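Produce the entire structure from the sequences given, and follow the hints as far as they go.
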Amino acid sequence: MLTAKQLESFRETLQNSLKDVEDRYEGNEHLNLKRATLHESIGELSSFDQHPGDEASDLYEREKDMGLSEHYQFEMFGLRRALEAIEKGTYGRCETCGEDIPLERLEALPSTLFCVDHTPDHRVSHSRPIEEGVLMPPFGKFEKDEEDENVAFDAEDMWQQLETFGSSESPSDFYRPPGDYNDTLIEYDEYRGYVEAYENYVGVDMEGNITIFPTKAHQQYENELDEEGIMTAFGDLPAYEHDPYVEGDD
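Residues 337 to 586 (our numbering) make up the sequence shown, in order.
Hint data in this document are derived by calculation from the structure and do not stem from the laboratory.
With a straight-line cut-off of 25 Å between C-alpha atoms, the simulated DMTMM-like cross-links for lysine to aspartate or glutamate are:
| id | residue 1 | residue 2 |
| --- | --- | --- |
| 1 | Lys400 | Asp356 |
| 2 | Lys355 | Glu365 |
| 3 | Lys400 | Asp390 |
So the derived label-pair ranges between C-beta atoms look like this:
| id | residue 1 | residue 2 | range |
| --- | --- | --- | --- |
| 4 | Glu406 | Glu526 | 38 to 46 Å |
| 5 | Asp519 | Glu440 | 55 to 63 Å |
| 6 | Gln555 | Ile522 | 25 to 33 Å |
| 7 | Gln409 | Thr349 | 17 to 25 Å |
| 8 | Met412 | Asp519 | 52 to 60 Å |
| 9 | His462 | Asp519 | 32 to 40 Å |
| 10 | Gln342 | Lys400 | 34 to 42 Å |
| 11 | Glu344 | His407 | 27 to 35 Å |
| 12 | Tyr511 | Lys355 | 46 to 54 Å |
| 13 | Met412 | Ile522 | 44 to 52 Å |
| 14 | Lys370 | Phe413 | 13 to 21 Å |
| 15 | Glu526 | Ile548 | 17 to 25 Å |
| 16 | Asn368 | Ser345 | 35 to 43 Å |
| 17 | Ala392 | Phe549 | 39 to 47 Å |
Bear in mind the structure is a predicted one, so any value in this text is a computation, not a measurement. Think of the CB as a built atom: it goes at the ideal place given N, C-alpha and C, for glycine as much as any other residue.
Here is the structure:
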């Protein structure tokens, strides 16, 4: 149990803390949130003549003010509740279990109304803006490279495609700059929009007829096979290699 002197000391501490928070909140004019709209808070009549980048910066600052305002209000609410508990004679006892809160905890956190075992702060909130769901590395739920039997064009493929047009990274951003600029890109040698090289020049119509389009990719593929010594005509292959239902000699 707290003595009358200790209660008075905590009361004074809480009152001073509450006044300090209220003064800061009022001194900041409620972080400009008394004004009805974003444009009023930044001194603009409309966004018609504003650069999109400036609009985004203003929106970010507005959202930050809203977060700080919520923090101020939550802090004042906790301090007022603690002062009310002193008036009711319940200050210093856990609201959940009724046990005395250790003096060391009250000195470190005078506004607390719970013991360590029953404090609501044990639960860490993971509530985040919905748009952050796609920012989890690497590419969050839209990166499907690790999934079995999945060759879909996902967010990673999209980024690799867009990155070839330029990004904010350059060789100067690397501790050991690569010799080729393309090596600064993510998996630059990976195929774009297809899995196997031949898919880039092979076409199949509705009746199953296969057509080979003599493109540069086709020629490059044949050259690679020649270099590896594995270039062969379809008819030279054993039956069990071109017909999967034919069993081999082994």
